[in-house]
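Numbering-wise (our numbering), the sequence shown opens with residue 54 and increments by one.
If you are wondering where the hints come from, they were derived from the structure by calculation, not from laboratory data. Accuracy of the hints is not assured; some may be wrong.
With a straight-line cut-off of 25 Å between C-alpha atoms, the simulated SDA-like cross-links for lysine to any residue are [as the list claims (entries may be wrong)]:
1. Lys57 to Gly95
2. Lys71 to Ile180
3. Lys160 to Gln175
4. Lys57 to Asn78
Pairwise CB distance ranges, derived in the manner of DEER restraints [claimed, not checked]:
5. Thr54 to Ala218: 19 to 27 Å
6. Ala218 to His83: 32 to 40 Å
7. Gln55 to Asn193: 48 to 56 Å
8. Arg215 to Asn155: 27 to 35 Å
9. Arg215 to Asp195: 34 to 42 Å
10. Glu134 to Lys154: 17 to 25 Å
11. Ser158 to Lys89: 16 to 24 Å
12. Asn176 to Thr96: 37 to 45 Å
All C-beta atoms in this analysis are idealised placements derived from N, C-alpha and C, irrespective of residue type, glycine included.
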Amino acid sequence: TQLKLRIDYINSLAYADKLTGIKNNTAYLHDISGIKEEIKNGTADFAVAVVDVNGLKLINDTYGHNCGNTLIITAAKLLSEAFGKESVYRTGGDEFTVILKNTGSQKIQKLQDEFTRLLDNQNGEIILSAAIGTSVFDKNTDESYDEVYKRADELMYTRKSRMKANGESSSMA
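Could you build all of it, start to finish, from the sequences and the hints given here?
Have a look at this one:
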């Protein structure tokens with residue numbers, strides 16, 4: 054029993070992001086290896102969301118890294134609230150990936166809308182702005198996880214460019 058508890062503790066350290074408590078990039082890489090196996094076996098059914106925080110560098114440069122950390126923590130909290138903590142990964146400094154199993158286009162859109170609603174209804178010292186792109190695995194056309202991720206990433210960057218052109222960025226209230 055003690056050994057199992059110790060192993061579980063070590064795994065939690067290896068797979069959890071220290072700042073936010075959500076899954077980290079190591080957990081992400083581990084989990085997508087399972088998805089790649091499912092694709093090979095013909096059993097894959099998933100959707101991906103790619104999320105990038107807007108204006109982190111400006112917040113860090115203007116108000117300090119503690120405020121930037123608060124912004125990242127806020128992003129993890131809102132993503133977890135919208136998509137479920139077990140599905141959210143912090144894959145880079147201000148980048149997050151969400152992987153949802155058994156999720157079609159309508160469900161991922163509904164969850165994306167919920168995330169957008171949470172962004173629109175913030176009230177705090179720091180107001181988060183984030184771009185999101187989503188994509189659903191299509192067993193008839195997709196041959197890899199990377200294809201699905203790339204579509205979501207491209208949609209996120211398209212949205213990010215529009216947001217930047219409109220002056221949308223994370224800010225201090």
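Against the structure, the hints:
no., hint, result
1, Lys57 to Gly95, "violated (33 Å)"
2, Lys71 to Ile180, "holds (22 Å)"
3, Lys160 to Gln175, "holds (23 Å)"
4, Lys57 to Asn78, "holds (24 Å)"
5, Thr54 to Ala218: 19 to 27 Å, "violated (57 Å)"
6, Ala218 to His83: 32 to 40 Å, "holds (37 Å)"
7, Gln55 to Asn193: 48 to 56 Å, "holds (49 Å)"
8, Arg215 to Asn155: 27 to 35 Å, "holds (30 Å)"
9, Arg215 to Asp195: 34 to 42 Å, "violated (26 Å)"
10, Glu134 to Lys154: 17 to 25 Å, "holds (19 Å)"
11, Ser158 to Lys89: 16 to 24 Å, "holds (22 Å)"
12, Asn176 to Thr96: 37 to 45 Å, "holds (43 Å)"
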